[in-house]
Amino acid sequence: MNSILAIVFGIAFGFILQRAGALEYKHILRTLRLIDLRIAKFMFLSVGISTVGVFSLRTMGLISLDMIKFNIVGTLLGGLIFGVGFAITGYCPGTSIGAWAEGKKDAVFVVLGGLLAVLTFTLIQDQLFIYLAQYDAGELMLGDILSFNNLALGALYSVAIGFIVYYADKIELKLSAKKAPEAQESLSQ
Amino acid sequence: MDGKWSWVKAGVALGILNIIIFLSGNHLGTTTFYSQTTGYITSFFFPEWIPISSWTKGTCGGSESLSVGWQWLFVMGLFIGALGGNRTSKVKIPKEEVPKMWIERFGDKPRLRFTHAFIGGFLLLFGSRLAGGCTSSHVISGMSQMAISGIVFGMAVFAAGIPTALLLYRKGGNI
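Chains as they are written, first to last, in this note's numbering: chain A, 2 to 190; chain B, 33 to 207.
Treat the hints as calculated values from the structure; they're not laboratory data. Just so we're clear, the structure is a prediction, and the values are computed from it rather than from any experiment. Note that the Cβ used here is the ideal one computed from N, Cα and C, for glycine as well. Hints are not guaranteed to be accurate.
To be verified - Reference listing, derived: stretches of chain B covered by chain A, where coverage requires no fewer than 3 residues with Cβ under 8 angstroms from a Cβ of chain A: (1) 154-162; (2) 195-201.
Unchecked claim - Below, simulated DSS-like cross-link-like pairs (lysine-lysine); rule was C-alpha separation at most 27 angstroms, straight line: (3) A:K70 to B:K36; (4) B:K122 to B:K41; (5) A:K179 to B:K127; (6) B:K127 to A:K171; (7) A:K106 to B:K124; (8) B:K132 to B:K203; (9) B:K203 to B:K122.
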């Protein structure tokens with residue numbers, strides 16, 4: 002049953018990514034070049050909505066959290082390396098699979114590079130994990146640091162994300178209104 | 033328009049999907065797929081080289097075997113869903129081997145683009161393994177749980193991604 006769910010959820014995820022334009026190099030690069038923040042707004046809006054749902058349902062005892070351990074060096078360095086790769090490829094590990102499905106040949110090379118990276122990482126991980134162990138902070142969440150009611154904090158967090166996304170959108174609209182009509186034309190392509 | 037949803041519609045859809053995935057007791061993630069696939073290929077050709085348990089150690093899935101599991105099927109679904117989205121799109125999507133925007137900046141050099149893609153793909157997954165997850169598990173799933181790891185990862189991705197993108201396109205190029 003759970004296997005069927007995996008495929009169904011995967012199909013929905015792939016479909017949404019395709020419709021959001023997240024499988025396209027130009028949309029990722031426009032976001033990272035701060036020209037058109039569509040992808041960032043899409044991602045953070047979904048996070049804001051999810052948070053309300055996750056913490057409401059958790060209060061009702063319907064779901065449990067499952068977080069990735071925070072390692073000060075591992076998470077930060079991993080994120081920075083990932084960011085460079087994100088800007089070079091214009092894909093992330095998930096969207097490269099979707100872009101491949103769309104017939105984008107460059108995405109296949111992203112996947113192949115990724116497979117080689119996993120092999121390389123696995124060969125050196127024992128030494129790496131020993132080194133990283135001293136920076137391990139465990140499964141930490143915002144509520145642990147701020148010692149605040151999680152549901153209330155979740156609501157605040159969602160509202161904060163909502164405000165950031167809303168104002169980013171407003172500022173973007175203002176800036177694009179100042180630009181020449183041609184620029185707007187190419188933005189909507 | 034180009035047959036795409038607005039970011040609001042897409043964001044709401046992904047938010048709802050993410051909540052349903054949580055309700056089913058699962059979590060979004062794609063890094064494990066890469067680990068399991070590499071592990072499977074490697075252990076098929078060189079069974080003695082690397083112990084099976086090493087492959088998924090510290091990934092977002094937490095699975096300990098190389099058998100086709102939840103995350104693998106999820107990524108297979110992702111492929112089907114993206115293909116379906118592409119085929120049902122009202123506006124015909126031109127098939128491009130190399131993104132047009134990239135060509136306008138770097139020239140019509142498919143081999144150079146594929147090299148960039150390969151190196152970039154290496155960085156993506158190396159970073160993911162180091163951080164214990166990627167955009168799906170750290171940002172979409174992790175940040176929704178207010179996990180510190182997700183918040184730090186998300187900020188680090190943009191902190192490195194924005195300057196890199198600006199540097200790559202410092203000579204301008206089309207928007």
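These are the hints, each one checked on the structure:
1. 154-162: It holds: at least three residues are needed, and the region 154-162 of chain B offers 9 whose Cβ sits within less than 8 angstroms of chain A.
2. 195-201: Three-residue rule met by the region 195-201 of chain B, so holds; n is 5.
3. A:K70 to B:K36: violated, 35 angstroms
4. B:K122 to B:K41: The given pair, whose Cα atoms are some 17 angstroms apart, holds under the 27 angstroms limit.
5. A:K179 to B:K127: Given pair A:K179, B:K127 is violated - Cα atoms ~33 angstroms apart, limit 27 angstroms.
6. B:K127 to A:K171: violated, 33 angstroms
7. A:K106 to B:K124: holds, 18 angstroms
8. B:K132 to B:K203: Cα-Cα ~16 angstroms, so holds.
9. B:K203 to B:K122: violated, 35 angstroms
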